[in-house]
Amino acid sequence: METTTPARAADPPGTPAPPRLGHSPALSSGAGRAVARIAAFAVCQAAMIAGLGLLITGPARNLWPLSAEDALNEAFERVRNDALTTASAIASGAGDTHTVVGVTVLCCLALLLVPPLPRWRAALFLALAVWLQSLVFLLITEAVDRTRPDVERLDASPPTSSYTSGHTGAATALYAGLAVLVLSRVRGRWGRPVAVLLLLIPLLVGLARLYRGMHHPSDVVAGLLNGALSLFVVGRAVLADDAWAARPPADAVDIAVAAAESRPGPSREAAVVIVNPTVTDTATRDRLRLVLAQRGHTDVTFVETTERDTGGGQAADAVRGGAGLIVACGGDGTIRAVADALAGTGVTLAVVPCGTGNLLARNLGLPLDPADALAAALTGEPRALDLGTISGDGIARTHVTAMSGAGLDAAVMGSTSDRAKSALGWPAYVLAGLGELRGPRMRLAVTLDGGPALHRTARMVLIANIGTVQGGTALVPGARPDDGLLDLALFDPRGAGGWLRAAGVLLCGSRPTGTAPGGHGGPVEFFTFRRAELTFTRPQPREVDGDPVAPGRRITAEVRPGALTVLLPAGEKQMGSTVPLPVREK
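Taking my numbering, the leading residue of the sequence shown gets 484, the next gets one more, and so forth.
Hints listed in this document are in silico derivations from the structure and should not be mistaken for laboratory results.
Among these hints, one or two may not hold up.
To be verified - Simulated DEER-style distance windows between Cβ atoms:
no.	residue 1	residue 2	range
1	852	639	46 to 52 Å
2	986	761	32 to 38 Å
3	980	862	44 to 50 Å
4	790	570	55 to 61 Å
Each residue gets a CB set at the ideal place from its N, CA and C atoms; glycine is no exception.
Throw the hints in and build the complete structure from the sequences for me.
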């Protein structure tokens, strides 16, 4: 039996509170236990090395080989020459604090940003190993007070104890850690030679510290030990197949979903999840399935988009099949295709951002993590939002959820490769835009709501249902998807001064109104309308919600107020009007 009730009805009194949506004990990675074990082993590591230091400076200081350390330091002092001194300065610098920190940051960024990416475990392993070595070093220098060798020192003496060699320990954690990653991740003939060269660096650093009179030999050995133990402890926790912070079992999601489905509570309407497979991996789908199960959606079907059908056909089939909730997972293009099919049907849409731009999700206040976005939507309320319709020569009538445009904006969309978007995310658009800034200015006539034609020149034209883009920039200040209007922005900066004035308008969030026919509003003009007709003197590149379409000379845009029902977080009270959502009770 079907009834019309609020979809987000409260659970019956006394029902146990569910876990945070998208999370479950079955999905625990053991990270908390791993941190506790790392801390415990770090204490043991510090105690062992500190105890060794107290033995070296105490009862064993007159025993061989410790008794021969002074002679070895003096021997290094006697063989000094200009060439060796320069070489030792270079080697010692490889273990300097600034060098180690800088190389660590660069390597971690490379592991996270350079395809194939991201390598979270490798980056975490390297960063934690260097950090743990530094922490243990500081603890040891407080516990063991040892003076530096009684020879001429080539570097300024820091206020810390000579025991242990911090340069050597840091170099061991960093460069030996990189060697571990190379040996475990790189396949090919050059992997081993690179690893050997990396392993030589800590030894050269230790030798340089002895040559420069900064440490006793036992200080260098203790530094090597500190760095090596830090690598072992962190590697055991992060990299090993049976690591303390191990991955969840293969059937963990099934366990979590079954537990959620067994929880008492009302069943929700049937849901269809439309996913763009190029941007939605298996792990993301599993988390989405768990979120839906935790909110009572047990009848869930996952459907993939294709190159020929980017979401519209799947959404139309879901509506015909009686689905009460459609979840769209993808970028703005996927969301637009699904919204195009749902316009005017009253079927509720949940937006799950998985693409590069995710403009609609950003403007609706949704989290950018897919599972968090779905959880926020399912605990929110259905609201009616506007859509725009776009048509023109070469553009079949379709809906737009975020922005459509011509000129510079469309040229950037067309010139940004999928590989760049995958590797860099939305900054790829910025880099592509730098190459399009000198594109030709276009001439156009604009007719708004049947009024007189406005003749303009512009570098970029935007038809907007929302106003904010990446980085929180209000590209079209004041544009909202629930005001029953669309916004038109004309960008026509001239020279460096014009670009600066345009940037000032956007940074300040101000909105100068459009001028009268025949006038000109400067580098940026804004208008609101219900229907607009744009005619260009020659074909221009065009885009609809970030997807390039065929160049052409005409664009017609019209608003459809309240045409789309979207689930929004409960905190977004100002966005759209609340509408009832039909649900099926079982």
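Could you see if the CB distance from residue 986 to residue 761 stays within 32 to 38 Å?
Given a distance of about 34 Å, which is inside 32 to 38 Å, the answer is holds.
Range agreement (Cβ of residue 639 with Cβ of residue 852, hint 46 to 52 Å):
Hint holds: Cβ distance 48 Å, inside 46 to 52 Å.
Measuring from beta carbon to beta carbon, are residue 790 and residue 570 in 55 to 61 Å?
With a Cβ separation near 58 Å, residue 790 and residue 570 satisfy 55 to 61 Å, so the hint holds.
Hint check for residue 862 and residue 980 - Cβ pair distance inside 44 to 50 Å
Given about 49 Å between the Cβ atoms, the range holds.
Hint violations for this structure: none, all hints satisfied.
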